[in-house]
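Work out the full structure, taking the sequences as your base and the hints as a guide.
Okay, here's what each chain looks like letter by letter:
2 protein chains.
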Amino acid sequence: MNIHYDARLDGELPRQDKAAVLDDLQQSAPGLTLLHREEDLRPFECDGLSAYRILPMLVALPDDLDQVKILLERCRALGVPVVTRGAGTGLSGGALPLEQGVLLVMSRFDRILALDPEARTARVQPGVRNLAISEAAAPFGLYYAPDPSSQIACSIGGNVAENAGGVHCLKYGLTVHNVLRVELLTLEGERLVLGGEALDAPGFDLLALINGSEGMLGVVTEITVKLLPQPETAKVLMASFDDVEQAGRAVGDIIAAGIVPGGLEMMDNLAIRAAEDFIHAGYPVEAAAILLCELDGVEADVDEDCARARRVMEAAGATEVRQARDEAERALFWAGRKNAFPAVGRMSPDYYCMDGTIPRRALPAVLSTIAALAEEYGLQVANVFHAGDGNMHPLILFDANREGELERAEALGGRILEACVEAGGSITGEHGVGREKINQMCVQFRPDELATFHAVKAAFDPEGLLNPGKNIPTLARCAEFGAMHVHGGKLPHPDLPRF
Amino acid sequence: MNIHYDARLDGELPRQDKAAVLDDLQQSAPGLTLLHREEDLRPFECDGLSAYRILPMLVALPDDLDQVKILLERCRALGVPVVTRGAGTGLSGGALPLEQGVLLVMSRFDRILALDPEARTARVQPGVRNLAISEAAAPFGLYYAPDPSSQIACSIGGNVAENAGGVHCLKYGLTVHNVLRVELLTLEGERLVLGGEALDAPGFDLLALINGSEGMLGVVTEITVKLLPQPETAKVLMASFDDVEQAGRAVGDIIAAGIVPGGLEMMDNLAIRAAEDFIHAGYPVEAAAILLCELDGVEADVDEDCARARRVMEAAGATEVRQARDEAERALFWAGRKNAFPAVGRMSPDYYCMDGTIPRRALPAVLSTIAALAEEYGLQVANVFHAGDGNMHPLILFDANREGELERAEALGGRILEACVEAGGSITGEHGVGREKINQMCVQFRPDELATFHAVKAAFDPEGLLNPGKNIPTLARCAEFGAMHVHGGKLPHPDLPRF
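Protein chains in written order, with the numbering used here: chain A, 7 to 505; chain B, 7 to 505.
Simulated from the structure, these hints should not be mistaken for lab results. There's no promise every hint is true.
[Unchecked claim] To list a few chain B residues with every Cβ distance to chain A over 12 Å, as calculated:
{"id": "1", "residue": "22"}
{"id": "2", "residue": "32"}
{"id": "3", "residue": "56"}
{"id": "4", "residue": "83"}
{"id": "5", "residue": "291"}
{"id": "6", "residue": "321"}
{"id": "7", "residue": "334"}
{"id": "8", "residue": "353"}
{"id": "9", "residue": "374"}
{"id": "10", "residue": "405"}
{"id": "11", "residue": "411"}
[As the list claims (entries may be wrong)] Taking lysine-lysine and the DSSO-like style, the derived pairs with C-alpha atoms no more than 27 Å apart in a straight line are:
{"id": "12", "chain 1": "B", "residue 1": "232", "chain 2": "A", "residue 2": "232"}
{"id": "13", "chain 1": "A", "residue 1": "75", "chain 2": "A", "residue 2": "24"}
{"id": "14", "chain 1": "B", "residue 1": "232", "chain 2": "B", "residue 2": "177"}
{"id": "15", "chain 1": "A", "residue 1": "232", "chain 2": "A", "residue 2": "344"}
{"id": "16", "chain 1": "B", "residue 1": "75", "chain 2": "B", "residue 2": "24"}
{"id": "17", "chain 1": "A", "residue 1": "344", "chain 2": "A", "residue 2": "177"}
{"id": "18", "chain 1": "A", "residue 1": "232", "chain 2": "A", "residue 2": "177"}
{"id": "19", "chain 1": "A", "residue 1": "232", "chain 2": "B", "residue 2": "177"}
{"id": "20", "chain 1": "B", "residue 1": "177", "chain 2": "B", "residue 2": "344"}
{"id": "21", "chain 1": "B", "residue 1": "344", "chain 2": "B", "residue 2": "232"}
{"id": "22", "chain 1": "B", "residue 1": "232", "chain 2": "A", "residue 2": "177"}
{"id": "23", "chain 1": "B", "residue 1": "177", "chain 2": "A", "residue 2": "177"}
For glycine and all other residues, C-beta sits at the position ideal for the given N, C-alpha and C.
Next comes the structure, spelled out in structure tokens:
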């Protein structure tokens with residue numbers, strides 16, 4: 007492998023002469039907004055993962071591409087690392103600043119450049135909010151499908167950086183499945199146009215590579231997304247279960263029946279009670295688990311699928327299946343789910359949100375494992391998640407003011423992610439690796455694979471100045487972490503048909 | 007950019023001492039089947055693009071992974087290039103051998119390792135035939151969706167290498183959308199496991215990168231594909247048009263109406279007549295163009311979509327719309343389409359098949375351009391193509407025995423691909439770049455983008471020994487070709503809504 011850069015973490019980065027860097031940037035890009043006083047830097051010290059806070063050396067807020075280009079050129083010349091950030095709503099610390107680096111904030115690139123209803127595409131700048139795209143497309147009966155819970159605030163550039171998901175990924179895919187083209191500036195000032203409107207693009211698939219790359223390969227300056235026709239109708243079923251594992255099995259049964267829900271979400275009792283207490287959504291507070299199953303499409307199909315999904319869930323042991331009577335009740339059912347994180351937040355001084363993904367068939371077993379681990383660590387875990395695509399969000403409740411609880415919560419979180427990897431899954435479904443899960447990458451990947459990631463990183467950024475210390479751990483770090491690599495080539499079921 | 011290898015074409019590769027290489031490989035891997043006599047090498051001199059023929063120095067037919075590993079290790083030590091090949095059905099010369107290289111044939115890796123009906127996945131070796139996967143999945147009511155015309159013969163490893171498509175890509179995606187996981191050996195002997203069953207994978211999306219990489223990054227040794235439930239029913243409509251451009255517009259109208267056909271194919275008069283003469287499919291030989299529109303899914307939906315698609319095509323000017331009466335007639339309608347290439351082959355001593363892809367809205371305009379170019383070059387062009395996803399296959403008819411016709415055909419082909427790029431499209435939709443379209447890559451991409459491709463290649467294969475001279479042209483080659491770069495950041499329609 008061909009690696010020529012150093013993936014150091016912040017503490018190990020060389021010290022910068024802040025005054026000299028500021029002076030250089032002010033001289034080189036006279037119009038560029040640069041923040042440098044502590045009180046101006048403070049609002050940028052974290053992203054959505056507020057447990058991690060670092061004051062950046064400088065914040066740059068460019069207005070145009072020339073300023074971005076000059077900034078990158080000068081940072082490269084000076085050897086100053088650059089962390090790019092959008093709205094800062096990410097949940098894994100991917101946009102966590104560096105004490106010795108510049109935070110490049112792309113929020114002023116907020117224009118929708120073109121919307122083509124016939125081709126069903128929107129060409130936008132990276133600072134455009136996710137929901138703003140759907141709002142602009144609404145008059146044409148179109149929308150942008152990926153819908154992270156933060157969609158009112160998060161920007162599309164950040165969605166690309168983290169390959170964001172949402173409630174509707176099961177049916178409509180992650181960000182990578184909905185982005186047709188990006189323009190990128192590399193640290194060396196190269197402008198890359200990747201992808202296009204054609205289904206296939208020749209050469210290597212660098213477009214997919216950019217999605218989820220957490221700002222480590224370049225700065226995304228323009229994005230063309232796919233738009234979809236708004237479904238004619240959407241209906242939601244809420245099924246109650248006495249047993250969490252039964253609910254887990256019902257998820258697999260729905261998919262096995264050939265039903266593709268727009269969303270298929272699960273909440274366990276702790277999450278149900280928290281949400282009900284907060285939102286009064288009409289959830290059954292005695293249930294061990296509920297499933298929310300939304301079907302969307304043409305009216306007749308949706309009605310038929312609702313009837314089938316109801317039968318499947320009843321057969322799987324649902325004690326009650328209720329269909330939202332109207333649009334208002336549907337919105338209420340979803341409000342409970344969408345506010346589950348803050349609702350749980352009301353129950354506990356602190357919580358720690360996981361983002362593991364597992365094959366659907368492993369849901370019942372991994373839910374049991376999580377319950378057993380929670381007991382072992384003496385902590386409560388609320389489960390709220392995108393069950394349909396196996397993307398779990400266990401919320402570990404703890405109180406950081408109690409001696410040792412934070413450490414116990416972190417250790418429990420690590421064990422849960424390792425259980426996901428062991429079940430053939432992954433340590434992240436939609437929140438990204440960022441700074442938070444960098445140790446678990448040592449569990450997910452072998453040294454060969456990590457070396458390949460570093461080599462690809464070096465192909466774009468040989469000096470390693472773009473967002474160092476995120477996403478891909480160094481092999482030294484993994485050795486230090488004492489990586490227990492559990493990612494095997496094992497067959498999931500030894501009793502499956504063989505050939 | 008960080009490039010440390012040399013993307014030379016075959017003529018420029020260093021001469022090898024064949025006897026010494028053979029001896030080394032025989033000593034290092036005693037059980038490995040090695041072919042070296044001219045008569046044994048002859049069958050491997052070309053892939054499906056038979057116009058390009060080169061006798062490889064040696065052919066290796068390994069039986070197991072250890073042999074592959076040793077072969078790669080030794081070739082690397084000796085500086086011998088390696089071209090990996092599956093069934094050799096590719097249409098762009100991606101598996102064209104090198105006179106100074108080893109051809110690594112993976113056909114003995116032909117086992118289906120596991121099939122999981124619940125997770126809907128199949129884990130297979132790279133030499134498994136595309137159709138064999140669907141045959142193995144059929145007892146479970148499942149199938150593998152991408153269906154290149156060569157599916158009876160082509161192998162899944164080759165499908166991954168070229169990111170193969172087929173009639174059903176419009177609805178079900180290309181190979182990259184249907185592969186969940188690959189295992190790869192790099193030239194340095196690293197074993198990489200990329201992707202998995204979870205929807206998202208952390209780190210960079212190297213799985214997507216491997217799809218379409220034409221054997222330049224590593225040797226794929228195992229593939230896990232997604233299986234889909236067989237549709238309950240499929241029905242096909244055949245619509246006749248007096249005018250090719252009207253047919254082109256009807257394609258856009260169908261998609262705009264929110265109908266997603268399983269397949270949406272177009273043939274022009276020359277192709278219709280050739281196919282009818284060969285297959286007797288009942289095609290209207292007087293029509294300027296036909297559309298074949300297949301709808302698949304649940305019976306009631308399919309009937310409703312058929313009725314809607316019929317109305318849309320009639321409104322677009324179809325003179326007749328016929329629905330296949332039964333399964334036999336449906337098969338016959340498709341037989342005409344699937345045999346269109348050999349049918350055209352019966353009309354002309356030689357033909358040259360293009361594979362450009364364009365945005366659907368550009369179909370009428372590009373079809374006119376092709377007609378005008380055909381006249382300019384004095385050659386006939388038959389159009390047969392995946393209209394729904396804008397993937398065109400103009401077949402240029404010529405006679406290589408007539409002075410200058412081959413050159414004229416090649417020049418016309420180049421002009422057609424350039425017209426595709428100008429329309430916002432791409433030089434390949436599903437056949438790959440290979441050796442054939444390497445010059446057109448200079449038209450599709452800027453030097454910055456090509457340099458990035460080379461840097462990524464170097465990250466996996468610093469010595470540039472895996473399939474050199476395919477897929478990605480050197481910048482020197484582009485300069486020599488006199489690249490006319492037409493890939494612009496232009497808005498397709500200046501009159502689209504702006505924001």
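Against which earlier hints does the structure fall short, listed by number upward?
-> none
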